[in-house]
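My request is simple: use the sequences and hints to build the entire structure.
Protein chains: 2
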Amino acid sequence: MIRVYGMSGSGNCHKVRMVLEALRQPYEWNEINPKKGETKTASFLAMNPNGQVPAVLLDDGDALVESNAIMFYFAEGTTLIPSDRLARARMLQWLFFEQYSHEPYIAVARALRKFHPDPASQQAVIESKMAGGYRALEIMEGRLAESPFFAGERFSIADMGLYAYTHVAEEGGFDLERFPAIEAWLARVEAQPGCTRMT
Amino acid sequence: MIRVYGMSGSGNCHKVRMVLEALRQPYEWNEINPKKGETKTASFLAMNPNGQVPAVLLDDGDALVESNAIMFYFAEGTTLIPSDRLARARMLQWLFFEQYSHEPYIAVARALRKFHPDPASQQAVIESKMAGGYRALEIMEGRLAESPFFAGERFSIADMGLYAYTHVAEEGGFDLERFPAIEAWLARVEAQPGCTRMT
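One line per chain: the protein sequences are U and P, in this order. Note that my numbering gives residue 155 to position 155 of the first sequence, counting from 1, and the numbers run on in steps of one. Note that my numbering gives residue 179 to position 179 of the second sequence, counting from 1, and the numbers run on in steps of one.
No lab work stands behind these hints: they were computed from the structure. Possibly wrong hints are sitting among the right ones.
DMTMM-like, lysine to aspartate or glutamate: derived pairs with alpha carbons at most 20 angstroms apart [stated by the list, open to error]:
| no. | chain 1 | residue 1 | chain 2 | residue 2 |
| --- | --- | --- | --- | --- |
| 1 | U | 40 | U | 62 |
| 2 | U | 40 | P | 138 |
| 3 | U | 114 | U | 170 |
| 4 | P | 114 | P | 170 |
| 5 | P | 114 | P | 28 |
| 6 | U | 40 | P | 31 |
| 7 | P | 40 | P | 21 |
| 8 | P | 40 | U | 141 |
| 9 | P | 40 | U | 62 |
| 10 | P | 114 | P | 31 |
Below, the structure is given as structure tokens:
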């Protein structure tokens, strides 16, 4: 049985849940609370020396980390990864965009507003994330004005990856109503198997 | 002919050069200077709305961006990508680690020290990058103490990706002598085709 170690409020962890649900792959979810130090225990650090969720233990005991690499592992050989070489690279391009130009702004602003014990004390940091977050949303809007999904005509794990924090971007203070192509795409993603909102 | 748009002092751009050299793939290098606004022109933004180097124009005119996705595209079907499914996901795991937990610290500290017109004015930002950079190096040291290359027994584009900014980490103020496994790995990487130091 695949064991997932994740935090339910984390978009990065939600990606793992979505891909496993989409593929109807049985798994055991182990809820991890980083605030209680549960990502810094010796057993957790043995899975991920970087001390971050999600981490996955495969059947033979191998650990795999980094949400987008985990999605890739499970999705290989399925329609969630394009069979065309350029579309496959395009999918990875958007997954790297997600980790470098989207998550550090939108996910961080959301985490501080939603989970910090005193969000008001974090106002300056939150404000510093808004321009970068809107920039990422503008770039997504441009792509979605020309293509139904990020890798091209078909849904892929690039869409799952970008959905994870975009569908809760308003919790980070971002106004999605400015982005009609993103809003239409969110609805298309939610029509795919396994693609549920975070609870 | 493949056209690469890059800046020679950038590790992200150097990755593209390394993979093309390793594969003996002919290409045309177009030097781009972001400080002269060359990543914000209409023609550059048509290739990459994110306004970042590197960007690649393929033979049929398709643009591809994000250094690690570009490496993946060219390396597919070669020994630079492991044929084993878990090793392939492991390779991607380390490439996502590179973009999220390594580049934002080590590359940024280096860029400010090496390329900023007044590095002394950036001392506080540089200092704020040191702990994260050393943390990334410690995690790499741990992996390399157990495995010759990041994906496993064989050299892959994960090594190229991490080599790009690690071999110049001292320009960012990081002391690599603390990391003997990294130093031995740098030499192993430099013994691979195409893997030259940045000039």
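Outcome of the hint check:
1. U:40 with U:62: At roughly 19 angstroms apart (the allowed maximum being 20 angstroms), residue 62 of chain U and residue 40 of chain U satisfy the hint.
2. U:40 with P:138: holds, 15 angstroms
3. U:114 with U:170: holds, 11 angstroms
4. P:114 with P:170: The hint holds at about 11 angstroms.
5. P:114 with P:28: It is violated: about 26 angstroms lies between the C-alpha atoms, which goes past 20 angstroms.
6. U:40 with P:31: Judged against 20 angstroms, a Cα distance of about 44 angstroms means the pair is violated.
7. P:40 with P:21: Judged against 20 angstroms, a Cα distance of about 28 angstroms means the pair is violated.
8. P:40 with U:141: holds, 18 angstroms
9. P:40 with U:62: With Cα atoms ~44 angstroms apart, residue 40 of chain P and residue 62 of chain U exceed 20 angstroms; violated.
10. P:114 with P:31: Holds. Residue 114 of chain P to residue 31 of chain P sits at ~18 angstroms (cutoff 20 angstroms).
When the structure is compared with the earlier hints, violations turn up for hints 5, 6, 7, 9 and for no others.
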